[in-house]
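Peer 1: Spelled out from the first residue to the last, the chains are:
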Amino acid sequence: MTFTILEFTVIVAIVSFVAGLLGSLTGLGGGVVLVPLLTTFFHVDIRYAIGASLVSVIATSSGAAASYVKEGFSNIRIGMFLEIATTFGALLGAFLATRIPTSALAIIFGAVLLYSAFLSRKPRPQAQRNLPPDPLATRLRLNGSFPDEEGQRPYNVQSVPAGFSLMFGAGALSGMLGIGSGAVKVLAMDQAMQIPFKVSTTTSNFMIGVTAAASAGIYLSRGYVDPGLSMPVMLGVLGGSLLGSRILVKAETQSLRLVFAIVILVLGLQMLYKGIWGTI
Amino acid sequence: MPAHLLKPFQPQPWRDRRIEIILGNALRAGVLLSAAVVLCGACIYLVRHAHEPTDYRVFRGEPSEYRTISGVIQSVLNGRGRGIIQLGLLLLIATPIARVVLSIVGFAIERDRMYVAFTLIVLAVLLYSLLGSGIGL
Chain Z
38 MTFTILEFTV
48 IVAIVSFVAG
58 LLGSLTGLGG
68 GVVLVPLLTT
78 FFHVDIRYAI
88 GASLVSVIAT
98 SSGAAASYVK
108 EGFSNIRIGM
118 FLEIATTFGA
128 LLGAFLATRI
138 PTSALAIIFG
148 AVLLYSAFLS
158 RKPRPQAQRN
168 LPPDPLATRL
178 RLNGSFPDEE
188 GQRPYNVQSV
198 PAGFSLMFGA
208 GALSGMLGIG
218 SGAVKVLAMD
228 QAMQIPFKVS
238 TTTSNFMIGV
248 TAAASAGIYL
258 SRGYVDPGLS
268 MPVMLGVLGG
278 SLLGSRILVK
288 AETQSLRLVF
298 AIVILVLGLQ
308 MLYKGIWGTI
Chain E
38 MPAHLLKPFQ
48 PQPWRDRRIE
58 IILGNALRAG
68 VLLSAAVVLC
78 GACIYLVRHA
88 HEPTDYRVFR
98 GEPSEYRTIS
108 GVIQSVLNGR
118 GRGIIQLGLL
128 LLIATPIARV
138 VLSIVGFAIE
148 RDRMYVAFTL
158 IVLAVLLYSL
168 LGSGIGL
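First to last, the protein sequences are chains Z and E.
If you want the working numbering, it's the 1-based position in the first sequence plus 37.
If you want the working numbering, it's the 1-based position in the second sequence plus 37.
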């Protein structure tokens with residue numbers, strides 16, 4: 038069935054609003070479900086879907102930045118240093134996306150969705166306390182402190198080269214699939230670099246917009262960003278995530294996370310299936 | 038006038054947190070501005086094309102009027118809704134870039150040469166993506 042432009046715009050805006058709201062409430066990000074939803078239910082070509090999703094990722098990241106900053110957790114030096122890795126990665130990802138077949142894109146997307154669903158069910162790795170300062174991290178001035186119940190709690194960043202390489206990968210996935218790739222960032226910042234989780238979440242949110250902007254120019258110039266499609270996606274996701282950051286439903290978050298993880302899992306399996314059977 | 042504005046100017050070290058708060062607010066302003074522009078374009082686009090069918094099944098790529106900065110400006114001048122939406126999206130892409138430029142200023146005030154250099158690298162990558170990939174004027 039075909040929609041008229043008005044029907045299509047309204048339905049896509051509502052779906053994007055819900056995705057943005059759930060993504061913000063669960064902390065899993067809404068961008069990751071948009072591309073599979075658009076390709077599966079609205080029969081949008083995956084390249085248009087990725088272009089629209091990428092634009093919405095910039096909107097949520099930049100829109101949330103002001104409220105994150107006030108809490109005083111984000112570390113601007115860690116962010117800027119790692120953005121060198123993510124922006125180069127994003128260039129590579131966008132370059133690859135225009136060259137590899139859409140079935141391969143779907144398979145990679147499916148794998149990332151499955152991994153995100155798996156990761157969201159695992160307890161988040163806790164950064165160890167009182168680690169010795171790492172010489173490279175000290176030279177790069179990455180160590181910092183953040184407000185805690187006991188006052189300012191200092192932290193020492195570890196394994197800079199491993200974290201930097203993983204962030205290059207996160208940037209490449211972001212540029213290739215039009216997502217924020219929060220799952221890989223957890224690996225890089227929480228697991229490898231041992232950055233406390235509040236610091237890593239807020240800092241990575243800050244970085245997502247810059248990373249996405251690095252590939253957005255390439256997508257726009259290649260004609261992947263359709264105004265008629267990107268408009269309801271961007272406005273919907275932005276509205277949903279702004280609302281999500283205002284309402285605090287702490288008690289419901291666990292069950293909400295489970296539901297959202299199942300949605301991500303199902304969409305991931307679907308993307309894998311479509312990619313493997315070439316029906317995308 | 039609020040009291041703190043009447044105090045004599047005191048030079049104080051440019052704290053990271055102050056930079057971040059300015060950046061955060063700049064980003065939000067940029068996003069809200071771009072969303073408003075997209076919304077304007079959306080109204081024109083929907084009024085004119087509401088009842089036409091959609092088709093995103095087959096990838097054709099956008100025409101050049103929606104792929105280049107000069108094309109977008111031209112279509113805005115022609116009063117096209119989709120051109121105005123695309124202008125809003127260009128503004129959206131520009132907001133993180135503006136944040137990077139402001140960071141350079143912040144690090145320069147702190148006299149942190151290493152981070153001025155890092156930030157310049159990031160800016161170069163962003164400008165390459167935006168201008169080097171054919172989107173330019």
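These aren't lab readings, by the way, just hints derived from the structure by calculation.
Wrong hints could be hidden among the right ones.
Facing chain Z, according to a computed beta carbon distance under 8 angstroms, are these residues of chain E, among others [as the list claims (entries may be wrong)]:
id	residue
1	R65
2	C77
3	A79
4	F96
5	Q111
6	N115
7	G116
8	V137
9	L139
10	S140
11	A145
12	E147
13	V153
14	L157
For glycine and all other residues, C-beta sits at the position ideal for the given N, C-alpha and C.
Peer 1: Now tell me if each hint is right for this structure.
Peer 2: Here is what the structure says about each hint:
no.: 1; hint: R65; in the structure: holds, 4 angstroms
no.: 2; hint: C77; in the structure: violated, 11 angstroms
no.: 3; hint: A79; in the structure: holds, 5 angstroms
no.: 4; hint: F96; in the structure: holds, 4 angstroms
no.: 5; hint: Q111; in the structure: violated, 14 angstroms
no.: 6; hint: N115; in the structure: violated, 14 angstroms
no.: 7; hint: G116; in the structure: violated, 14 angstroms
no.: 8; hint: V137; in the structure: holds, 6 angstroms
no.: 9; hint: L139; in the structure: violated, 11 angstroms
no.: 10; hint: S140; in the structure: holds, 6 angstroms
no.: 11; hint: A145; in the structure: violated, 13 angstroms
no.: 12; hint: E147; in the structure: violated, 10 angstroms
no.: 13; hint: V153; in the structure: violated, 10 angstroms
no.: 14; hint: L157; in the structure: violated, 10 angstroms
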